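*Asks:* What follows is each chain in one-letter form.
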Amino acid sequence: MAFTSQAVFYYAALALELLATAGYLAYLVRQEKRTSAWARGLLLAGLVCHSLYLGIGWYVSGAAPVRDLKSALSFFSWCVLFSYLLFEQRFRLRVLGAFVAPFGAFLMLVSSAMPWLLVPVKPLYKSLWLVFHVGTVFMGDGLLAVAFGAAIMYLIQERAIKKKRLGPLHSRLPSLASLDTIHYQALVYGFPFLTLGMLSGSLYAQSAFGRFWQWDPKEVFSLITWLSYAVLLHERLAAGWRGRRSAILSIVCFAILIFSFLGVSFFMGGYHSFESLEAPQGS
Amino acid sequence: MIHILDVGMNHESAEVSLRESLCMHPDTGGRVSTWIREEEKVKEGMFVSTCNRVELFLTTEEPEPVQRQALALFAELGGRSEEEFLRSTYCLKDEEAIRHVFAVASSLDSMVLGEPQILGQIKTAYAHAARSGLTGTILNRLMHRAFHVAKRVRTETGICGAAVSISYAAVELAKKIFYTLEDKRVFLVGAGEMAELAARHLQSQGIREICVANRTFKRAVELAETFRGRAVAFEEIVEELASADIVITSTASVGYIITCEQVRRSLKRRRNRPLFLIDIAVPRDVEPSVHSLGNVYLYDIDDLRGVTEMNLNQRRQEAIKAERILDQEVITFRRWLETLSVVPTIVSLREKADLLIKAELKRSNGVLERLSSPDREAVVSLVRSVAEKLLNDPILFLKNRAERSTIHRYLDMTQNLFNLNRDQGLRGAGGPGENPGLSHGQE
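Listed in order, the protein sequences are those of chains A and B.
According to our numbering, the first sequence is numbered sequentially starting from 1.
According to our numbering, the second sequence is numbered sequentially starting from 1.
The hints are simulated quantities; they were obtained by calculation from the structure and are not laboratory data.
None of the values given here were measured: they were computed from a predicted structure.
Hints should not be assumed to be uniformly reliable.
[Stated by the list, open to error] Simulated crosslink set (EDC-like; lysine to aspartate or glutamate; CA at most 16 Å straight-line):
id, chain 1, residue 1, chain 2, residue 2
1, A, Lys164, B, Asp303
2, A, Lys162, B, Asp303
3, A, Lys164, B, Glu172
4, B, Lys268, A, Glu235
5, B, Lys389, B, Asp354
6, B, Lys41, B, Glu61
7, B, Lys358, B, Glu377
8, B, Lys93, B, Glu115
9, A, Lys164, B, Asp302
10, A, Lys162, B, Asp302
11, B, Lys358, B, Glu329
12, B, Lys151, B, Asp354
13, A, Lys33, B, Asp303
14, B, Lys321, A, Glu32
This is chain A alone, in the form it adopts within the complex (with noise of 0.2 Å):
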């Protein structure tokens, strides 16, 4: 019964999030006032279903529902969907839907076409310590995605002007003042998150397992990526990096972060590893 209203919201979010995505993208090509508006009425709705979705996977399971690939997909969409709602609120920037949301859209694609979990939940995961550090980690992600996006449109817009050709995107796209600002509120923000994150799931793992550290390939990638973005915060705040070149190491950052969430769990395992993953070989 539940699982059935559950289905009912995921799939009612990915459809209306997709549609939100092609709004974004048509208001990039007609930059129509009305079509943006639709945009992010189709992406609130979205999110209410996805939330709802969400919130009873919880309250059915008992466990964050992060525990196989798809659920964890899916919120690191509902993350990377939601900080983009936050950040449109702020800086009243539309533009930046056709390049954030599309990602959060496809990271649900992608999770719809994973087989849904049916296998019972571990008493670990039974956790407040589970639902804490999956949410700072995954709402970290959800910025550092945002940051990601304005980091493209930098880079875009960054081009155009360099090789003064201003075309149809050109003005279509923010000023590149604009653009690092929030790339960079988007990495202050993100950063504490994906900090707190780290910290609450080492002391989870101390404890589950009575360690707080135990070289999971997960962990040494979160690392990396933890020392990564630290070094382009670092840079900039210390070197006055702005611009181009800490738009780019963004860009290499999210690749590193998105290798440590989606390539660990595939090539490499360890405890970090979704159920659904584990299953066939049955353990």
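Following the hints, put chain B in place on chain A, whose structure we already have.
*Replies:* The following block gives chain B in isolation, referenced to the frame of chain A:
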């Protein structure tokens, strides 16, 4: 049948000397107004004269003689022969004239496509004509529609979008780099005219400070004073590079004034704040390789020209979209014109009802006197609302059929049914000679 007529010439149809000839006389406008007022065949009129165009919008029932008279008027005012004007003017009627009014107001007919001044000029001309009582129902409506169309074109297409002058292009680029120019410093090197113009545009955007350097320090001081900025010596350029955000160079120097090495050294002190250099000088003042430095953007005069050229092409593309808006609006306006033929009949219907009510109330005055004041008012409003309800359907019927060709049959019938023609001298019985355009204040 009333017609809208436009006799005019623009930058394409007539050469400057002819357009000028109509501006020579200081009182051309006044004399045209007098002509509009006194010429019997002309019902309404409005005269627009700018450096690029002359337009005389008229409504009349006899377009051909009025057109000839208008040309004669031009010839008289300009001191040239009528043939000359005949060759260089266009005369548009009805739909074409409506379309032309819309196109002119939307700046689709301008030399610089999408330039914003023309709308203001037309608004002024219209305000003048309306104040002098030269316009009536049709021209009032036409001009208000034209302003509406211009607004639609401006907001729904990008025709006024990107800058088409060098100095505006520079300002727009600066905004794409810095977003706001309010806390920015501008550094002028050299005191060229175009640099000054660009600086003025920047200043109107509220920049924080303008600093001027020039080989002759005195000129720098003079220019700085007009901007309420400060002057620095030519040797301090490197120093200023560290704090400026926008640099505009326009010296007559043969070699480079600002070298790549100088800018590179300033970057560290700037903490990589973006630097926008605009080099308007020929030969160039800034070493081109400066552009390859990070967070530094150098545009020379050719680059800016390329930008404006591209923007102009973009506007031409947008003009196609605007044409579609014009098509729609012309149709809407033509429909409204057609509905005008029913207005006199409706007005006389209402007037007849009004007269009857007044007469009957007067007759019953004796009885009404005895009622209390609120009761009396209730009776009066009752009578009025019965009359209104009774007339409502015929009026709606006429309005709904206003655009059909058979409307005249219905108008005749209405006039006969309600005996409107032979009434005690009611105005506007809707006869064939009636001119709805002159019944002011119906709209």
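*Asks:* Hints numbered earlier in the text: which of these fail when held up against the supplied structure?
*Replies:* 8, 11, 12, 13
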